[in-house]
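S.K.: Given next are the chains, with one letter for each unit.
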Amino acid sequence: MAAYILRRLLQTIALLFLLSVVLFALVNLAPGGPLAGQGQSRHVSAEKVELLKRQFGLDQPLPTQYIIWLAGNDWMKVDVDGDGIKESSGTRYGILRGDFGFSFRTRKPVLEEIGGRLPNTIYLMSITMLAAILLAIPIGIASALRQYSKFDIAVTTFSFAGQAIPEFWLGLILILVFYAWLKNPFTGQPLLPSGGITTLGLQGFNLGDRIEHLILPVLTGALGWVSWYSRFMRSSMLDVIHKDYLRTARAKGASNWVVLYKHGLRNALIPLVTLLALDLPYIFSGAIFVEYLFAWPGMGRLYYQAAEQRDYPVLMTILIIGAATIIFSNLLADILYAYLDPRVRYE
Amino acid sequence: MNPSNELSQPLSPAQTSLGLGVWKRFRKHPGAIFGLIVLTLLLALVVFAPLTAYDPEVSDISARNKPPSIQHLMGTDALGRDLFTRILYGGRISLTVGIMVVVIGLVIGVPVGALAGYYGGWLDALLMRITDTFLSLPAFLVLILLSAILREVELPLFERNSVLTIALVIGLLSWMTFARLIRAAFLTLRELDFIAATRALGGSDFRIIVKHILPNAIGPIIVEATLELGSAIIEESGLSFLGFGIQPPTPSWGNLLSNAQTHFTTQPWLAIFPGLMIFLAIISVNYIGDGLRDAFDPYKVLDQIGE
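Chains as they are written, first to last, in my numbering: chain P, 8 to 354; chain V, 1371 to 1677.
Incorrect hints may appear among the rest.
[Stated by the list, open to error] SDA-like, lysine to any residue: derived pairs with alpha carbons at most 25 angstroms apart: (1) P:Lys250 <-> P:Tyr344; (2) V:Lys1394 <-> P:Tyr155; (3) V:Lys1436 <-> V:Leu1415; (4) V:Lys1398 <-> P:His249; (5) P:Lys190 <-> V:Lys1398; (6) V:Lys1398 <-> P:Ala161; (7) P:Lys157 <-> V:Val1408; (8) P:Lys190 <-> V:Leu1415.
Read the hints as simulated data drawn from the structure, not as lab findings.
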């Protein structure tokens, strides 16, 4: 197992390396290159752009640029004033040493930008995922135990529909109903707020206000997950119910409850746990539509804003983080699977 | 389930054709039939879009912001354009992008999977690492990045995120499942006796791949292509909703919904109908995919009837 994990880690590093090449190529082969967004909206003179290019090493051939991006250029001399003499050291440290550059948009370090947004995304997404799991598991079990009953048919239909509803449409409809149409009968104000984490200008922490602001985004984000996980839980439970070891447990005289929950559910949850591990990246990269619709200051919204203004350093960093979490959660899912199911062995 | 028993039964004429057998099983799936009817209706509406009384791009100032009525089935927008007509034309764009994405996905995915599965060795390792790399990209974020970059491109055919641009971008990130499926099918099929026989008879690699192995892998490919159509439609509308996809005035379901955002509390029909169309398209395609999956997998049906 240890050898397996080690080999997978090495593969992961190789994969991340390949990915960094792909992402770097993507941005640098773009028309106008990585500084394309600079000259347009902002009042940056042509000379300034030239200076920036030399400072960032963008006048170098692409392979050199890639190395600078990865490992920085503080260890080499750079020709900043463009007179052909390399006089000063570079100022970049490279992403391997945690230098993700500065946001074109706000001029702040990218990591600072992300640091400000990430907690908001984790806050929203962990509540969304938790709500989805807590709803989906009992629904899936109940549905499997009464296969082909009216309840089961209703659940399957609902989960099929739930997976087909576009998140961005659901959010709009929920805002329409709970913000525009339904009013609080006492105050005449909209029943639920349509965006933000808290009411603007509110002092201190107010739990009620926080919850009010969470309801619509969580509903919007969770519906798809509930549908997906309950479908999965149902089929996983159905799989287990017909297994011989459940029949054995019954034959040994175990009560129905023990058979279903101690022997059945524990095994049926194994695939779900690995599925959850695979979906982990969403907790970090967030639901872009939910954050966009509900003006939620998280990673998804940051990515949207960065894409609007082609803020490449921010875009690249979020993509790298996103890809890294996908790769690591794949690894985590494999390890969890082997840990939870002793029959699974990797050589 | 007893295979030898089954083989001893003479085949009825209907069972001799793969297509007929699949259709017989598909028919028994109520969701799939619902999906087929809805999708056919949608396609018919979209194809006959020019028969409506309105032009999708000509505004009528006297008919601005009208709620749904007999004249305007789905109401009108802020420029007095008939929403129903715009939705039909938008559907043309959205469905065209969806179909093109599936075609692009197949064009890339099938050769990659076939070469990897058939030849194995270093070629397999290389192609699968590339596939893995693409699979570990956060797909929708990359779609946003690519379409945000390409929105500025000024090339004929690709200008302002044309249908072609968006289909290429989504297609470029939609071939990996095809490649994996085909590779898996090839890995099993290439070891079978009839392939060895063909090779002994002097069949070239190309002939074996295209004429003997590929047709046997058709089931999973069709199922996956259907599901891919659904996700391509949702990806296009999502991109267009955020403003990175198909650019107005060309309507697509996504950008119609995007346009609705500014006034949707006072003109809710602008938000309700385009989303409803996306929903109907996705759910019908998903149901068809589900029905096809069952239909191509006879053992699943045998399981269900308790054989």
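S.K.: Please go over all the hints and tell whether each is borne out by the structure.
M.R.: Outcome of the hint check:
A threshold of 25 angstroms between alpha carbons decides the hint, and for lysine 250 (chain P) with tyrosine 344 (chain P) the separation of about 19 angstroms falls inside it, so the pair holds. Proposed proximity of lysine 1394 (chain V) and tyrosine 155 (chain P) is supported: the alpha carbons are some 22 angstroms apart, at most 25 angstroms. Proposed proximity of lysine 1436 (chain V) and leucine 1415 (chain V) is supported: the alpha carbons are some 22 angstroms apart, at most 25 angstroms. Proposed proximity of lysine 1398 (chain V) and histidine 249 (chain P) is supported: the alpha carbons are some 24 angstroms apart, at most 25 angstroms.
Note on lysine 190 (chain P) and lysine 1398 (chain V): the hinted pairing is violated, with a Cα-Cα distance of about 47 angstroms set against a maximum of 25 angstroms. Between lysine 1398 (chain V) and alanine 161 (chain P) the alpha-carbon distance is near 19 angstroms, which keeps this suggested pair within the 25 angstroms criterion. The straight-line distance between the Cα atoms of lysine 157 (chain P) and valine 1408 (chain V) is roughly 24 angstroms, inside the 25 angstroms bound, and the hint therefore holds. For the given pair, lysine 190 (chain P) sits about 38 angstroms from leucine 1415 (chain V) by alpha-carbon distance, which is inconsistent with the 25 angstroms threshold.
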